[in-house]
Amino acid sequence: MPISSANARSWTAHAQTQRSEASTDCGCLSRPPPGDCSLVLRPEHVRVAEADDPDGLLGTVSGSAYFGGVTRINVKVGEETLVVEHPFPAGSRPRTGDRLTIVIDLSRAQRLENPTSKD
Numbered sequence: 001m002p003i004s005s006a007n008a009r010s011w012t013a014h015a016q017t018q019r020s021e022a023s024t025d026c027g028c029l030s031r032p033p034p035g036d037c038s039l040v041l042r043p044e045h046v047r048v049a050e051a052d053d054p055d056g057l058l059g060t061v062s063g064s065a066y067f068g069g070v071t072r073i074n075v076k077v078g079e080e081t082l083v084v085e086h087p088f089p090a091g092s093r094p095r096t097g098d099r100l101t102i103v104i105d106l107s108r109a110q111r112l113e114n115p116t117s118k119d
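Numbering (the UniProt record's numbering) for the sequence shown: 1 to 119.
Beta-carbon label-pair distances, calculated as ranges:
(1) G97 - P34: 37 to 47 Å
(2) L106 - T60: 20 to 30 Å
(3) D105 - A51: 15 to 25 Å
(4) G63 - V40: 14 to 24 Å
Calculated from the structure, these hints are not laboratory results.
Using N, Cα and C, we set each Cβ at its ideal position, and we do this for glycine too.
Sequences and hints are given; from them, build the entire structure.
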């Protein structure tokens, strides 16, 4: 799932939804139509995880900045960079080049119907 920055506080992910079958007796469940979509994420909805987290994405730290109670870390996953905000204790902030596992809280992502063009 390629992810690219939209601005300093939100991120866009391009994803392909899967065709699937579902049934319900009340018609209250809906699924997005198959096809391309965009997801908007905020740095606080991406978290640092244990290396063996089954939902984790392994990335490489490409930079960081201290912001009082949190450190904002740029993590390169594949060809894209995500921003993570995490309250690292003093002296334990990851360094550029360190490997870091992160997890995206997809329940907090916003789905956009029209994907952002890469033109």
